[in-house]
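Based on the provided sequences and hints, a complete structural model is requested.
Numbered by the numbering used here, the letters in the sequence shown go through residues 4 to 322 in order.
Because the hints were derived from the structure by calculation, they are not lab data.
One or more of the hints may lead you astray.
Said to hold, decoys possible - With a Cα cut of at most 20 Å, we get these calculated EDC-like pairs of lysine to aspartate or glutamate:
| hint | residue 1 | residue 2 |
| --- | --- | --- |
| 1 | Lys181 | Glu215 |
| 2 | Lys222 | Glu133 |
| 3 | Lys143 | Glu85 |
To be verified - DEER-style ranges, computed between Cβ atoms:
| hint | residue 1 | residue 2 | range |
| --- | --- | --- | --- |
| 4 | Tyr100 | Gln187 | 43 to 51 Å |
| 5 | Asp105 | Arg320 | 42 to 50 Å |
| 6 | His300 | Ile91 | 23 to 31 Å |
| 7 | Gly78 | Arg320 | 17 to 25 Å |
| 8 | Val150 | Tyr100 | 17 to 25 Å |
| 9 | Phe203 | Met102 | 17 to 25 Å |
Note that CB positions come from ideal geometry on N, CA and C, so glycine has one too.
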Amino acid sequence: MWPNYSKGLSNYLSLLICFVGGTFISLAQQEMNTADRSTLRNQIGLRHDNDFILLTDRYYTAGLFLTYRHRLEKGIFNSQNEQLSFSIGQEIITPSYLMTDDVQLLDRAYVGFSALRSGWSYVGRNHMIEAKLLMGIAGKASGAGRVQRWYHHYVMKTETPTWVGEMENSVHYNLYTKYLYEWQLAPNPFSIHIAAQSQFAFGTRDIYVHPELVAYFGKRNPLSSSIAHNQIGSTDSEVFFALRAGYRVVGHNGLLEGNALGDDSVLLIDSKNTVVYAGFDFQFRYGRNEYWVGVRHNSPEFEHARHHQYVILSYTRGF
Numbered sequence: 004m005w006p007n008y009s010k011g012l013s014n015y016l017s018l019l020i021c022f023v024g025g026t027f028i029s030l031a032q033q034e035m036n037t038a039d040r041s042t043l044r045n046q047i048g049l050r051h052d053n054d055f056i057l058l059t060d061r062y063y064t065a066g067l068f069l070t071y072r073h074r075l076e077k078g079i080f081n082s083q084n085e086q087l088s089f090s091i092g093q094e095i096i097t098p099s100y101l102m103t104d105d106v107q108l109l110d111r112a113y114v115g116f117s118a119l120r121s122g123w124s125y126v127g128r129n130h131m132i133e134a135k136l137l138m139g140i141a142g143k144a145s146g147a148g149r150v151q152r153w154y155h156h157y158v159m160k161t162e163t164p165t166w167v168g169e170m171e172n173s174v175h176y177n178l179y180t181k182y183l184y185e186w187q188l189a190p191n192p193f194s195i196h197i198a199a200q201s202q203f204a205f206g207t208r209d210i211y212v213h214p215e216l217v218a219y220f221g222k223r224n225p226l227s228s229s230i231a232h233n234q235i236g237s238t239d240s241e242v243f244f245a246l247r248a249g250y251r252v253v254g255h256n257g258l259l260e261g262n263a264l265g266d267d268s269v270l271l272i273d274s275k276n277t278v279v280y281a282g283f284d285f286q287f288r289y290g291r292n293e294y295w296v297g298v299r300h301n302s303p304e305f306e307h308a309r310h311h312q313y314v315i316l317s318y319t320r321g322f
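Right, here's the structure in full:
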């Protein structure tokens with residue numbers, strides 16, 4: 004039986020209204036901040052990903068991340084344009100059919116993933132280098148199954164996903180690197196920026212190469228102080244939208260195929276070799292507050308899968 008989404012959507016939209024309303028109340032109450040870059044070196048943010056508002060509930064269905072960033076006074080390259088980041092997060096990935104106890108009816112395995120991430124980035128005049136390390140655990144020990152069952156039962160008021168055939172517990176380690184180069188084609192107040200970036204991942208969870216193009220339109224700061232690239236240090240207002248497109252050449256997807264070093268889970272599926280991605284972002288900075296609403300879409304990740312999309316909601320505060 005498929006879940007009844009009517010009550011669940013109403014409850015989810017109520018939570019969304021509270022989230023958006025709360026952030027705008029904070030915006031209305033905020034004093035006009037004149038802090039300069041030398042004093043604003045820290046930032047904390049909360050991000051929530053969810054596909055339910057788009058009336059789907061499958062594959063990467065939810066994620067919650069708490070992130071702290073710090074801008075270094077003197078970094079590896081003796082530069083003030085270097086940052087460190089630390090994040091804790093949980094992801095929930097499910098099959099497309101949630102209400103069955105028969106593993107043979109599932110198109111992929113249930114899997115939860117909880118992880119710690121640490122990162123470093125360096126920004127030059129028109130380029131950026133970034134590296135991140137991940138250590139996480141997949142499977143029942145991640146706690147994601149319990150979170151989703153609670154969410155469906157108490158918030159959505161629908162039938163609870165069975166989580167039958169959940170992927171076995173497994174520890175993962177991964178390295179992610181990114182190089183970005185950006186061009187400014189038009190100045191403010193309605194600037195146009197084009198960024199070309201390439202991401203590389205290697206480890207037990209992900210192995211891939213992911214080139215991407217992003218176009219930014221609106222009032223935006225330079226690369227070294229823009230929220231487009233999570234840069235701390237400026238309270239100058241920004242408001243812009245972005246369109247992005249890319250594709251991923253996949254060597255291994257550990258949340259679909261299991262741990263790259265070996266996995267005894269009952270339902271492991273081969274990943275497609277290439278996946279196409281697209282997205283839209285709206286971002287806004289006012290003083291120390293930063294807001295981000297995004298939509299992500301990707302082509303099927305495995306044979307017989309469907310395309311997928313989800314929404315990103317994020318609020319960040321500098322101090």
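Inset, instruction - Could you tell me which of the numbered hints above are not met by this structure, giving the numbers in increasing order? - result: Going through the list in order, the structure violates hints 2, 3 and 9 and respects the others.
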